[in-house]
Every structure is written in C-alpha cells, then in structure tokens.
Amino acid sequence: MVERRLIGLGFGLLVVGSAFLFWSLRAPYGFILELRATKLVALVCVGAAVGAATVLFQTVAMNRLLTPGIVGFDALFILFQTLLVAALGGVGAAQIPGALRFVLETLVLMGAAAVLFGVVFRRGRGDVTRMILTGIILGVLLRGLAETVQRMLDPSEFAVVQQAMFASFGRVDPGQLGVAVLILSGALAIAFRLSPALDVAGLGRGTARGLGLDHDRIVWATLLLVAAMVSVSTALVGPVTFLGLLAASLARLVTDTHRHAVLIPAAALTGSVILVAGQFVFERLLSGQSALAVVVEFLGGLLFLFLALNKGRP
Amino acid sequence: MIRIERLTYKVGPAAILHDVDLRLDAGGITALIGPNGAGKSSLLHCIAGLNRPAFGTVRIGDLDPFAAPGSLRARAVALLRQSPAVVSRLRVRELVAFGRWPHHRGRATPQDDAVVARALEIFTLEALADRPVETLSGGQRQRAFIAMTWAQDTPWMLLDEPLNALDPRHARDLMVRLHDLSRAGDRSVIIVLHDINAAAGWADRIVAMKDGRVAARDTTAALLTPETLGAVFDTPFEVLNTGGRPVVVAR
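Chain order of the listed sequences is A and B. The opening position of the first sequence corresponds to residue 1 in the numbering used here, with each subsequent residue numbered one higher. The opening position of the second sequence corresponds to residue 1001 in the numbering used here, with each subsequent residue numbered one higher.
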C-alpha cells in the first residue's frame, strides 16, 4: 500500500523528467539534450537532498516545522564560502579546483553543524518552543555573520560570493555535479540504512533510550548526514529555505506513515518532482527562468504559516 | 535481584536522591509510594540506566545498567515513563512493535510479530490496533504504551504511575494483569503508585520514599500502619480492614 505510493511518486518523477528533457526539443539535439540532462540531474539532486535532509532533521529535532534551511544550515555554508574568499581573495579561492573545494566545504560544514546543532539540541531538549526560537535566531545570526563578512569584502571579491547567495536554478556548475551526486548517494544510502533506528529515535529521547538506542549517537550521525545533503543543494543552486518543508510535509501526507524507510525516499522524490515540474513550467511554458525559487519559497512560506497555526501537525 | 548501593542522584546542584541503599527481590509487585518530589521517578530512571547517578551503583542481577550496551540493558529492564511523547501517524500495532526493538534491532521476525499480537490481546487493544495513537484517549494511549513495555519481554518491568488516566475498570484490569504476570515467575514489577489503595490491594511489598531517601520498606500489610504513613506523607491516616484487605483513608 505505502510502497505503491512510493512507486507512484517515482513514476511522477519519470514523467516530469521526460517532459523536461524532450518538450519542444530542437536541433542541435545532442547539445540541447546534454544541457538539459545536466540541469535535470542537478534539480533531482537538489530536490532529493533538501527533501531527505528535512525529514531527517525533523526527526532528531522532534518537530515538524523546523527545516535545515530555517535554522541556518545553508547560511553556515555560505558563511564558509564567504570566509574562504575573504581569506584567499577572489582569485585564490577560484584557483582551488571546484571538486576539491566542494569536498572541503562539505567536510567543514559537517563538523561545524554537528557541534553547533548538537549543542542546541542538547540544551533545548524537551522544550520545543525554546528550540524553535533558538533555531530560528541561530539562522538569523549565521546569515547576519555572513553578511558582515561580505560587507568587508572588496567589491570584485563580493561579486564572487554573490552568485552563491541567491537561489538560482538556471545556473549549475557541471564540475561540481559529479561530486554532488557521489556525496548525495552516499548520504542517502547511509540514511536509508539508519532508518529503523531513526524510527525509534522519532519516539523521543526518553523512550528511545529506554529501548536501548544510543540516541545521542543517532542525533550526531543524522546531523552529519543533513550537513552533507545541505552542502550538496547549497553548492549547486544556493539556499532554499522552505522547499524542504514543502517536500517533507507532502511526503508525509502522501505516504501517511512514520517509517523512515518510506519517508526518506518519498521526501527525496517529492522534492525532486516539485523542482523539476516547477522548472519545466517556468522554463518551457512561461519562459521566465528565475521565478521558480520565488514561487517555491512563497508556497513553502504559506505552508509554514499554516503548519505553525495548526501546531505542526501536517 | 536489584541491588542499589549508596545511590546519590543530582540535577544541577540539587540532590534528588541521597545515599539510597535498597535491595529489591525478584518476583511479585513492589510498589513505590511517597509524596510528590520524593524521588520515586528518579529512582526508577536510575534503575533503568537512564539517569546517571553522581555516586553509587545499581546492579540488576549482575548487570550494570550504566556500563552495559543499550540492547543488553533494554532486555533486562523495561521502563514505562510518565506521559511519553506521541508520534503522529504511528499506529497502535506499530507502537507496541517498538517494544521488540531491543531484541531484533530493526529486523523483526515472525516470533516478534507473535509477541506483539499477544501484547495486543492481553491489554485488549486488538480493536484499536490500526488506529493512530494520536487519536486515542489518554487511557487508551496509556494501555498502548504499557503493552509496548510488556512486549519488551524483560525480567523487570518498571512502571511510572501507569494508573494515570485509567478508569476504574482498566486500572483494576491492569493491576490484575501485573499480579498474574508477576506470579507466573518470570517477571518482576516495580510500580510507582499515587493511589495508596492500589498498592494496598495488589502490591506484595512497598517501598515508601520521602525527600530522596527510603523512609520505610516492608511487606504491604506490615508497612501500611497509620504511624508509618503519617510520617511519610505528613498527614494523619486511618487504616481500615475490609474483607482481609487494608484500606487507607486520609483523616
């Protein structure tokens, strides 16, 4: 039953993916197909990364409202990119090979996120309101820090950072795509393997420990996975705050289960479908490229308000 | 047997349990009673290995709950906490099945399913098995969580105020179940009770706590005297006798 809905989502992705590839395809076929395929892979990666990361994050946060974007995971990533440019200069930063830089940034983000959010969870445990507030304020703080460093940059160096700061599905660096696919599939595979333990962790710290689960270790592992997934999406297209909320909530609605073995792939597929379908509509049908990020954020923001007013029960 | 030696548990600078020495024999029902804030829940959490004490030791048989790996500990003691969090979209059968986690760690066998089915039967939850837990009433939820604790299939069951939210019928049913289970020989029950008469009716032994210390421990009949209860609760009590069973009334 639940598995059938998962297959349905996969089929949906296949349909919008094919539409994205083949709709109004003109010569030169090979060249255009290659362009489109690269973009499609990037969109699927970003959607899957953001969707899965949100489900994981919501489980360890014991909250259906928070997303990695809202608490500032991606702001942390941009802060690092900014610091890198500030330290090495725009030219120096650009000289590091894209793939290497990506891997380094991902590792740094994983470490910093585990420490930072590990502490927030430890302190705010059991007090949901306080944790949401702390999370949101932390997000604002990280964004503010990144902005401060950006203000101190040379205008030409600022231009290097600037392109990383806003979500844009129009431009994707193909050099980073290969590494992104690798990191993401690794993270998804580990998350899938952890899914029975995540089910137990979802019962709350007290009950999970009573059942013999090393809850703290699962939380650390999950935060590391979330950081890896967020760096994939942020590096490819920039920060998207509410897409994850949209994907995770829809996935819960469609599958109607608490089981992570279903929820993680469902949220990954939902995120991908939203992005690919959205990009298809804007690029092919409306030919207004950069609006997708705005629309996704608008709908996600509305959903956030709706969920907040309904006590976080999608 | 559970042996607790010189146990001191602190939350911040405040000591919740002071130097507790206690032996709890296997078999039967042991009730923990005492005024609010006496340290009953904290003691239960220490035994279950969930509250790390500042000093002292706990041994469940030969097992040290703070040193043993989680899955081993969770196969020795099962703890029902007060008002555990409820996950949305979780069905009663799935909740009860989590009790089997320490045994299979994610790969349930048909044997695990059989234990879950038996738990649903014992705690009369079959009609509710496919309902989401969040749609249940407080008392039904409580029964679902008790069934999960039972399904954990441990020699020791620790229950923190399980009678909360239960109506008289289900409260009595639960105490009868626990009584039968603890008589069958392979399970021992430690239960925190606020209703002294539930302890009077069903417990074999009572441990009375006050201000983080063990104030008295004895068999049920010997402990339930106006003097002991008065000293523990700082309230005058009368102990009546109805059909060979003590009934406690606050005066």
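Heads up, a few of these hints could be off.
[What the hints assert, rightly or not] Computed far set for chain A versus chain B, every beta-carbon distance over 12 Å:
hint: 1; residue: Ser24
hint: 2; residue: Ala27
hint: 3; residue: Gly90
hint: 4; residue: Ala94
hint: 5; residue: Ala99
hint: 6; residue: Arg122
hint: 7; residue: Ile137
hint: 8; residue: Pro155
hint: 9; residue: Ser156
hint: 10; residue: Leu182
hint: 11; residue: Leu194
hint: 12; residue: Ala197
hint: 13; residue: Val200
hint: 14; residue: Gly212
[What the hints assert, rightly or not] Looking from chain B toward chain A, a few residues come up when the C-beta cut is under 10 Å (computed):
hint: 15; residue: Gly1049
hint: 16; residue: Pro1069
hint: 17; residue: Leu1072
hint: 18; residue: Arg1075
hint: 19; residue: Leu1095
hint: 20; residue: Phe1098
hint: 21; residue: Arg1245
hint: 22; residue: Val1247
hint: 23; residue: Val1248
hint: 24; residue: Val1249
Don't read these hints as lab results, they were simulated from the structure. We put the CB at the ideal spot given by N, CA and C, even for glycine.
Each hint tested on the structure:
no. : hint    : in the structure
1   : Ser24   : holds, 41 Å
2   : Ala27   : holds, 50 Å
3   : Gly90   : holds, 48 Å
4   : Ala94   : holds, 46 Å
5   : Ala99   : holds, 35 Å
6   : Arg122  : holds, 14 Å
7   : Ile137  : holds, 24 Å
8   : Pro155  : holds, 49 Å
9   : Ser156  : holds, 51 Å
10  : Leu182  : holds, 26 Å
11  : Leu194  : violated, 9 Å
12  : Ala197  : violated, 7 Å
13  : Val200  : violated, 6 Å
14  : Gly212  : violated, 3 Å
15  : Gly1049 : holds, 8 Å
16  : Pro1069 : holds, 8 Å
17  : Leu1072 : holds, 8 Å
18  : Arg1075 : holds, 7 Å
19  : Leu1095 : holds, 8 Å
20  : Phe1098 : holds, 6 Å
21  : Arg1245 : violated, 33 Å
22  : Val1247 : violated, 34 Å
23  : Val1248 : violated, 31 Å
24  : Val1249 : violated, 35 Å
Hint violations for this structure: numbers 11, 12, 13, 14, 21, 22, 23 and 24, all remaining hints satisfied.
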